[in-house]
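Participant: Since the structure of chain X is already known, use the hints to place chain S on it.
Protein chains: 2
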Amino acid sequence: MSLEGFFDPRTVAVVGASRQKGKVGHEIVANLVRGGFGGAVYPVNPKADEVEGLRCYPDLKSIETPPDLAVVSVPAKAVSAVIRECGQVGCKSAIVITAGFKETGDEGRRLEEELSQTARRAGVRIIGPNCLGVLVPGKKLNASFGGDLPEAGGIGYVSQSGALLTAILDSAKASGIGFSMLVSIGNKADLDELDVLEALYNHEDTSVIAGYLESVTDGKSFLRLAEEISHRKPILLLKAGGTTAGARAASSHTGSMAGSETAYEVVFQRAGIVRCDSIKTQFDYAQAFAYQSLPRGTRVAIVTNAGGAGIMATDAVERQELRFAKFSDETLTKLSENLPAAANVNNPVDILGDALADRYEFAMDAVLSDENVDVVVVLLTPQAMTDCSGSARAAVAASRRHEDKPVLACFLGGEKVAEAAGILRDGGVPPYDSPESAVRTIKVMHDYVRWRSRPKRVVRLFPVNRHKVEKIITRHIRENIREVGEAEAKAVLEAYGFVTPKGAIATTADQAANVADQLGYPVVMKIWSPDIVHKTDVGGVRIGLRNAREVHDAFDLMMYRVPKQAPEADVLGVLLQEQVSAGKEVILGMHRDPNFGPLLMFGMGGTMVEVLRDVSFHLAPLTPEEAREMLARTRTYQLLQGVRGEEGVDIDAVAEGLRRVSQLVTEFPQIEEMDINPYVVGPPGTTSVAVDARMSVSEKK
Amino acid sequence: MSLEGFFDPRTVAVVGASRQKGKVGHEIVANLVRGGFGGAVYPVNPKADEVEGLRCYPDLKSIETPPDLAVVSVPAKAVSAVIRECGQVGCKSAIVITAGFKETGDEGRRLEEELSQTARRAGVRIIGPNCLGVLVPGKKLNASFGGDLPEAGGIGYVSQSGALLTAILDSAKASGIGFSMLVSIGNKADLDELDVLEALYNHEDTSVIAGYLESVTDGKSFLRLAEEISHRKPILLLKAGGTTAGARAASSHTGSMAGSETAYEVVFQRAGIVRCDSIKTQFDYAQAFAYQSLPRGTRVAIVTNAGGAGIMATDAVERQELRFAKFSDETLTKLSENLPAAANVNNPVDILGDALADRYEFAMDAVLSDENVDVVVVLLTPQAMTDCSGSARAAVAASRRHEDKPVLACFLGGEKVAEAAGILRDGGVPPYDSPESAVRTIKVMHDYVRWRSRPKRVVRLFPVNRHKVEKIITRHIRENIREVGEAEAKAVLEAYGFVTPKGAIATTADQAANVADQLGYPVVMKIWSPDIVHKTDVGGVRIGLRNAREVHDAFDLMMYRVPKQAPEADVLGVLLQEQVSAGKEVILGMHRDPNFGPLLMFGMGGTMVEVLRDVSFHLAPLTPEEAREMLARTRTYQLLQGVRGEEGVDIDAVAEGLRRVSQLVTEFPQIEEMDINPYVVGPPGTTSVAVDARMSVSEKK
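As they're listed, the protein sequences go chains X and S.
Heads up: take any position in the first sequence, counting from 1, add 200, and you land on the numbering used here.
Heads up: take any position in the second sequence, counting from 1, add 200, and you land on the numbering used here.
If we strip away everything but chain X, and leave its shape as in the complex, we get (with noise of 0.2 angstroms):
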């Protein structure tokens, strides 16, 4: 959808417009005028003759042509009826700056409602009610109370919050950075943060998108968007309060692992999103995405002035887990041979606190030049000799003779580097204040890098028994039963290609003795309850049965003792199982986000999962990649390749297994969530095995 009228209008008119300064209604209409906007500003109120020098208009309707944007601060009440006007004279685009909407109560609630219903009818699109407008530096155009245009630049801006906007561009103007546009959503009545993120996406002076969510309206267009703009565009969140997923009462590992922030933590990491925890990271990130081009490697060159902001750099570039670069001889001899005998021509390089900017132009040049490098960071310190604005431009000179590389800045001071910051601003090299968000900044880069360099997403299904699953999970609703049992829940997986373990169900000691004979010892007990969820808690499994006596008496015990840890269980007896020889537990699982869909986690199984919290999680489908990915986030991942001398397990098969699973939650959305706990896993050729699993369902909504 094409929000011209928005970011481009040729005519605006201001609705509410008042001469009072201080007044919203007189504040956009002096901010319209102060930033030069090149079109037509129309005041309207029929209370007065002009605004700020221009003539008023009575209503839009004595407007000669009709204005491609009206922006209104008139009272909530009246708000509808300006939309209406707005219709009929054909503007199709407003900005309801207007608050006491629904963030005021019902009644609130109940005008918004009408405001959304009556620009429907009208067809008009909205942004707000209860906004900040909307600022187009490229375009002078600044429909907005909050305050001057900033420059203008390749980031887009989305927010939220109308107050934390006014901060940003206070912010903004402080520091000279630039921007495409900058939105505020306000209640997002009718437009909403996709729909300008679409628009950032398509607008060309928009290079990086940039912005502050507190919700999302709908999570899977949300997550398709996200995905497909960070393809071109970096969109860098900050992302504040969490959401009310993790508060229900969860069942499973999964479920209670999954905290309020995994599911925003998943679909970011998928949609290549960059999660910012400051406003000041955002800008410390969107200024290098917008001004330098993308890193190739993580092999980091330091050129300094000073050997202790060299160390720190050094330091942050270990603990970022970036690289290096080691220096080719010829660049190792060039260094040499033109830097003083005292510099040290290694990585990081320093060119002595007498280094004037001749000396930071030529290192610089040479580590840009060498093939080992492929991002350099340039720091300086304004000690006695030092020429701070001079080496800014030394930088910047360098920095455009290679194009290819990103070059970012860190001179540490105040006043003394104060005009060096604002060069190499202007220069496209951004500047930070410590190495420390200099190599971060690297480090997101690098990321973002190797998102958008990730195979194309295949999901890749396998031949399963689906009606079988449906039949299951039919009864269990129809039911209303919410927890699937242990037999059920296997016979789901085993629907999705799983192997289980042989058993059989025995309600007397003599009956389970039986079962075992014909099972094989070792056996395994487990109590037979649809209302015990956490067998082990309640004494409710017993492993390594040798022999009918060590079943009979384990039937006995577990029949007597059980119940006093569950008085309010129904018993049934027990669920006998042949025992699954060694092999490496881990866990596969699924927790159903109401606004993201399944996510899937993976760690140590058994009952450690919860204490050690190795695990990773993943939006559902899943490819080959991404399973493989997931094993790999964790330290599990090590355990299962085989420590000291051990023999490793069968990746692929517990890769496979998250893919089943993915599959299973994806076919059936009345899957809640899931837990296969543990699935055992043996060397290469023998069979895993979904030893344990738990399972509760409920309506698709």
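Given that identical chains are not distinguished, each listed pair holds provided it fits within a single copy or across any two copies.
Only pairs whose alpha carbons sit at most 30 angstroms apart, straight line, appear in this in silico DSS-like list of lysine-lysine: (1) Lys526 with Lys302; (2) Lys534 with Lys302; (3) Lys643 with Lys480; (4) Lys702 with Lys668; (5) Lys420 with Lys302; (6) Lys339 with Lys480; (7) Lys480 with Lys373; (8) Lys373 with Lys433; (9) Lys223 with Lys247; (10) Lys340 with Lys480; (11) Lys340 with Lys247.
In case anyone wonders, no lab produced these hints; they're calculated from the structure.
What you are looking at is a predicted structure, and each value in this text was computed from that prediction instead of being measured.
Facilitator: Below, chain S alone, put in the same frame as chain X:
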């Protein structure tokens, strides 16, 4: 030691003073004059009559009364002669600015040694050489070439890098941060970081000590002094550069887990030093410590005029694991009655976008008066109506009325909040650039408070058999054997009160079967070779051997297979041991840092220790409280307490084991590293057993 001559001299001579602007010898005189130093300044230079309007002396002897302090910037070769002259005239303190000493190579190193000796003989104390100088704003003393004096304040700074200090001075000027003293220690030819730390400790105007260090000259003295200082004044350090300790190849798990930064981490933690990762965070923390009281708890209240900023702060509070203050009914009533209806009176308190200064002051007073509140963060975004400076004054006033509770501010923005930031800083309410930074600072303050309130460290000793250990270790050192074999390592442990499994050595299969018969089945067989440290890696461990036949087979297989895996190893036979019954496996280890001494390690045992990396470190010797704390810092601790219905193990036995290791390695500095892995611990009442141990020794240095 008093360094008054440096920090509070009545008269200063500048030796090497120059008339030529830009020269170091000129800048120093100019800085002294410009800074407004109240005492006499004597330029010394035989070739000049006056410098900066001051009479110039040909040498120190010509000055009527000997100066208290000499600032020396003559060429490196002439420095020793000047110091000798200082001694002759009775000037006891000299700052040597001149560079060209040990940082430049062998000739410089020689000059520096000569300088040290000269100073010692002449009875002159030296700061430097190769340093920036000393600045004491409260005394208007600028004995440096680092730029203008910053504001006076409570932060004392010591820096190992002069260049970084120039950047710090310049930043401080821009942001108005105040200092009690800044000292550049340069090459530390005489006075080092310890002397300056001690001086800052005794310096009345210094309330917070901050510094930049790359290395510590004497680890143990540093620890002792820092720990003493931290009880009265917080120490905030920027530590750059790793130690080289990690570089030496380690044969123990503990050694391989102790990274290059581990030693500094445990030392800082033990001494209560706050580690900072950038200059910015260092000043974030320093300001709060310098101007606000320490928090008595972690209950944070937030007052904001923008919901978004409040949410960001809320997220940060959760991330930092602080708590949200829950207001008393009285406070809630007070807020409800006095704030507009749309305001949020619960934490975070949202006083709305149209809040003026009075509303800030009222809300802050209300929450500061609530006994459920320990600390307050006040947030502001500069919206249309906002009175930034007035609100800053209101925050300062409220803070002053409640001096027992810390107040931190974050006024987001740039130009619009610049004046307010100054008002806040002058009023002692430190301003932060993000809610994140403010909240992180609270966390750091709280951790410091917790450190200060820890119980007095009392190390309790166990009765042990030192003599037996002495004999074993002495023999190894005499015979130049680094690795102590398993049998003797266990003898050492037994002498220190550990229980080890019964066992004996066998060199033939028959003998092995005989030994096993006597031990009782099942037994464990381990390869016996002085050359094999990691037995599992070469297939040199078999467990659960159930009868003589299995022992026979295992022996023959081991003799056949191990030499293939480790062809150079001298295989002497096998060690047979009783098999220790079930329990949790943990590791107790020690790695000796060359600078700071023994680092103890605790973690989950077995072969997983290096994979899971769930370990904690602490310096020996260990108090009972510290031993428990080491356990509590790991996730393994939860496993030991019992998860999901499982019985917990004897936690006290683990803590006691750590203290026994601590005592052993403290009493025997020859022990370089050791692991007890696994240390098997059962439920309370059972005996914990040191199942396997490795240990290496070397001559005490």
